[in-house]
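Work out the full structure, taking the sequences as your base and the hints as a guide.
In order, the protein sequences belong to chains E and F.
Under the working numbering, the first residue of the first sequence carries the number 1, and numbering increases by one thereafter.
Under the working numbering, the first residue of the second sequence carries the number 1, and numbering increases by one thereafter.
Careful: at least some of the hints might be erroneous.
Unchecked claim - Footprint (simulated), chain F over chain E, 3 or more residues, beta carbon under 8 Å:
(1) 334-344
(2) 362-372
As the list claims (entries may be wrong) - If the Cβ cut is set under 7 Å, some of the chain F residues that face chain E in the computed set are:
(3) Trp53
(4) His54
(5) Gly55
(6) Gln82
(7) Ser84
(8) His210
(9) Pro212
(10) Pro215
(11) Ala250
Claimed, not checked - Distance windows between CB atoms, simulated:
(12) E/Glu384 - F/Val259: 22 to 28 Å
(13) E/Ala393 - F/Asp106: 19 to 25 Å
(14) E/Ala393 - F/Glu235: 29 to 35 Å
To be clear, the hints were calculated from the coordinates, so they are not data collected in a lab.
Just so it is clear, CB atoms sit at the ideal spot from N, CA and C, and this is done for glycine as well.
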Amino acid sequence: MAVAAGKVARAAARLRGGGSAMPGLVVERLDPRFLTHALANLPRGVVVVTGTNGKTTTTKMLVAILREHGLTVFTNPTGSNFTRGVISSMLAEIPLSGRLRADIAVLELDEAHALKFAAEVKPTHALLLNVARDQLDRFAEIDHTAKLLAELAEQTTTGVVLNIDDSFVARIASRVPDGVTVSYFGVDPSIADRLPELQEADVRFGDEFTPPRPTTADGLLLPHDERSFEVRFGPNGRVGPMVLKQRGLAAMINATAATSTAKALLAHEFREVDAVSALERVTPPFGRGEVIDADGQPLELVLVKNPAGFTVALGTYGSAPVTTMVAINDNYADGRDVSWLYDVSFESLRDKGVALTSGVRAYDMALRLKYDDVAVAEVEPDLEPALERFLTAYRDEPKRIFCTYTAMMTLRRDLAARYGLAKFGEDEA
Amino acid sequence: MSTNSAAISPTINATSGDVTSKGRIKIVHIYPREMSIYGDLGNTRALASRLRWHGYEPEVHQHHPGNDFPTDAHLVLGGGGQDSGQARVEDDLAHNADVLRSLAADGTPMLMICGMYQLFGNAFITVEGERLPGIAILDVTTQGNAKRMVGPVVLETAFGDVVGYENHSGSTKLGPGQQPFGRVKSGMGNNGTDGMEGAVTGNVFGSYLHGPVLPANPSLADALIKLAVERALGEPFLPGRIDDELADQARTRQVRRLVG
Ligand SMILES: [Zn+2]
Numbered sequence: 001m002a003v004a005a006g007k008v009a010r011a012a013a014r015l016r017g018g019g020s021a022m023p024g025l026v027v028e029r030l031d032p033r034f035l036t037h038a039l040a041n042l043p044r045g046v047v048v049v050t051g052t053n054g055k056t057t058t059t060k061m062l063v064a065i066l067r068e069h070g071l072t073v074f075t076n077p078t079g080s081n082f083t084r085g086v087i088s089s090m091l092a093e094i095p096l097s098g099r100l101r102a103d104i105a106v107l108e109l110d111e112a113h114a115l116k117f118a119a120e121v122k123p124t125h126a127l128l129l130n131v132a133r134d135q136l137d138r139f140a141e142i143d144h145t146a147k148l149l150a151e152l153a154e155q156t157t158t159g160v161v162l163n164i165d166d167s168f169v170a171r172i173a174s175r176v177p178d179g180v181t182v183s184y185f186g187v188d189p190s191i192a193d194r195l196p197e198l199q200e201a202d203v204r205f206g207d208e209f210t211p212p213r214p215t216t217a218d219g220l221l222l223p224h225d226e227r228s229f230e231v232r233f234g235p236n237g238r239v240g241p242m243v244l245k246q247r248g249l250a251a252m253i254n255a256t257a258a259t260s261t262a263k264a265l266l267a268h269e270f271r272e273v274d275a276v277s278a279l280e281r282v283t284p285p286f287g288r289g290e291v292i293d294a295d296g297q298p299l300e301l302v303l304v305k306n307p308a309g310f311t312v313a314l315g316t317y318g319s320a321p322v323t324t325m326v327a328i329n330d331n332y333a334d335g336r337d338v339s340w341l342y343d344v345s346f347e348s349l350r351d352k353g354v355a356l357t358s359g360v361r362a363y364d365m366a367l368r369l370k371y372d373d374v375a376v377a378e379v380e381p382d383l384e385p386a387l388e389r390f391l392t393a394y395r396d397e398p399k400r401i402f403c404t405y406t407a408m409m410t411l412r413r414d415l416a417a418r419y420g421l422a423k424f425g426e427d428e429a
Numbered sequence: 001m002s003t004n005s006a007a008i009s010p011t012i013n014a015t016s017g018d019v020t021s022k023g024r025i026k027i028v029h030i031y032p033r034e035m036s037i038y039g040d041l042g043n044t045r046a047l048a049s050r051l052r053w054h055g056y057e058p059e060v061h062q063h064h065p066g067n068d069f070p071t072d073a074h075l076v077l078g079g080g081g082q083d084s085g086q087a088r089v090e091d092d093l094a095h096n097a098d099v100l101r102s103l104a105a106d107g108t109p110m111l112m113i114c115g116m117y118q119l120f121g122n123a124f125i126t127v128e129g130e131r132l133p134g135i136a137i138l139d140v141t142t143q144g145n146a147k148r149m150v151g152p153v154v155l156e157t158a159f160g161d162v163v164g165y166e167n168h169s170g171s172t173k174l175g176p177g178q179q180p181f182g183r184v185k186s187g188m189g190n191n192g193t194d195g196m197e198g199a200v201t202g203n204v205f206g207s208y209l210h211g212p213v214l215p216a217n218p219s220l221a222d223a224l225i226k227l228a229v230e231r232a233l234g235e236p237f238l239p240g241r242i243d244d245e246l247a248d249q250a251r252t253r254q255v256r257r258l259v260g
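Structure follows, in structure tokens:
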């Protein structure tokens, strides 16, 4: 009954072009135990991927590796990472019996919703990526976020994969129940000096914490150069070398997390060649370094939502400066407080300057850049004319736009109409 | 302890080679690691840059718990933090309370945002009724409550309209005769009921406004700079010419959005 009603709601929402959570809401009202029922007894369990940054990319990579190994994987691909969103995406794939036909579920959930989800369905595995300040007006405190992740780990039944370089996350090992396996991912000690590119120089404090020594179960990132890298498991094990479609150290560490988790899930069935070929084919998710062909020149759209993410993005692209636009909105989905822009250093943009700032807070962004001595050529708060100007005035140059979530939705829609791109959520397989 | 020495003997940094400097101003940011999680370090950055643009030479000193407090401060700044951050600074703040009180009594300009504003008050009363004493430079008392007051703010102040962003769970009440920093035109302010925001005693300013507050409100920033210059150098503030077009646009657009 609930499934049928949800399917109708889903079809209706599709016709209206409506939001992705609505059909899920219908099912949730009709059958609150729907999630438990649908996900119960998946032969290889339920994996939750959470943490502040990199969830979408890492989930996509992990799913690709598992599918390359022949598994049928259920995931929530649209990035609608609330429980209702999970239900909504299930409705497309679920028979009327209400049981999902899949080997395994891999779900991207934000920290708060991961716990709500766990109250319905105990995850068999959890991959905990990192803890950073994100939209403090919603989550209030980094301590609080760390606590949410620890509580999720406590409810996981089989295995937990932790970031060995993030003291908040690595420390969670002590909270994992007996009998649940703990493994890690991280960077090889030889590149420890590059950790600041992955984590903001933030205000966390060093309560004395000594990270554990990595074992052969733990994947460590070893880059060869800016493009090529491998993941080491102990002195003899390695996955790679490989080259991703997405650039930068952040994508490499996401691949390392996905590889380590796949290895924990698949154990002796894990095949290095399959992991490499899957990862090398993964396209960057919507807005995570997506490259659009704009009149013959590459245009990169880079989503920024918190100090760590913006710092990582600037570090990733800093070595290849191009003509830049920054678009900052302050709607609820962006985070309404723009104070965090003062916790990011923009000095890497100084040499080339910024062509345009846009969005509701365009002037605040330009002002922020002024305090880092970054020249801004133009300020245009309206996104459409700003994009038009950016595309025409810099037509023959490679371009990059850093943007908050709702600014990206608007820009992406405009770009899709101009250049005939796939719509949001219609990712190629 | 004498806290006057700095005002009497301003040091102009002769080794900097900056012959045009009108004088050196020492800014002390207290607890930048523990109490600046919401971008409040942007206030320090704004003051240092504006001092330079006005032709003065800023010296920024970060005070961390356990270190000696610099008694030659010309301007003291503090920000907001998490509960764990506040817990980490309480002992040091109690230890340096007398130094801060005498600097304040002596006319040193100070700007305390959010958590440090609360700690500069008489006390913070937790939801459970526990009384955590502050250093009582401002006659305000804060009651913890479950509801957070979060959102953009516009104030009417002695420095014109001031915009920022508040994010606090404490409800602050002014003591009798305590002046507020501003009147709320949009937002919650100290407690969401009496229309007051922040507190001012002498040259000490307390406010809940992040944003950070100074970059978009240069008249407030320059008022603090003027007080610091007069105190440090014993001579009038000689402003340089600064183009504040971006700040003025950022501020007036927020005012228009929020109060029309
Ligand atoms: Zn605050």
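Status of the hints after comparison with the structure:
1. Only residues whose C-beta sits within less than 8 Å of a C-beta in chain F count toward coverage, and the stretch 334-344 of chain E has 8 of them, enough to reach three; the restraint holds.
2. Closer than 8 Å: that is the beta-carbon criterion, and the stretch 362-372 of chain E has 7 residues meeting it against chain F, so the requirement of 3 holds.
3. About 10 Å separates the beta-carbon of F/Trp53 from the nearest beta-carbon of chain E, more than 7 Å, and the hint is not met.
4. Interface hint status for F/His54: violated, as the beta-carbon distance to the closest one in chain E is roughly 15 Å, over 7 Å.
5. Checking F/Gly55 against chain E: minimum C-beta separation of about 17 Å lies over 7 Å; hint violated.
6. At a threshold of 7 Å, the smallest CB-CB gap from F/Gln82 to chain E is about 4 Å, leaving the interface hint in force.
7. Restraint check, F/Ser84 versus chain E: the minimum CB separation of about 5 Å is within 7 Å; hint holds.
8. Against a cut-off of 7 Å between C-beta atoms, the interface hint on F/His210 holds, since the closest Cβ of chain E lies about 5 Å away.
9. With a cut of 7 Å, the hint placing F/Pro212 at the interface with chain E holds, because the nearest CB-to-CB distance is about 5 Å.
10. Look at F/Pro215: its Cβ gets to within about 6 Å of chain E, closer than 7 Å, so that hint holds up.
11. Here the hint on F/Ala250 is kept, as its CB sits about 4 Å from the closest CB of chain E, short of 7 Å.
12. Between E/Glu384 and F/Val259 the Cβ separation comes to about 27 Å, which falls inside the hinted range of 22 to 28 Å.
13. Checked against the given bound of 19 to 25 Å, the beta carbons of E/Ala393 and F/Asp106, roughly 54 Å apart, lie outside it.
14. Here the CB-CB span from E/Ala393 to F/Glu235 is close to 48 Å, at odds with the stated 29 to 35 Å.
Of the numbered hints given earlier, the model fails hints 3, 4, 5, 13, 14; all others are met.
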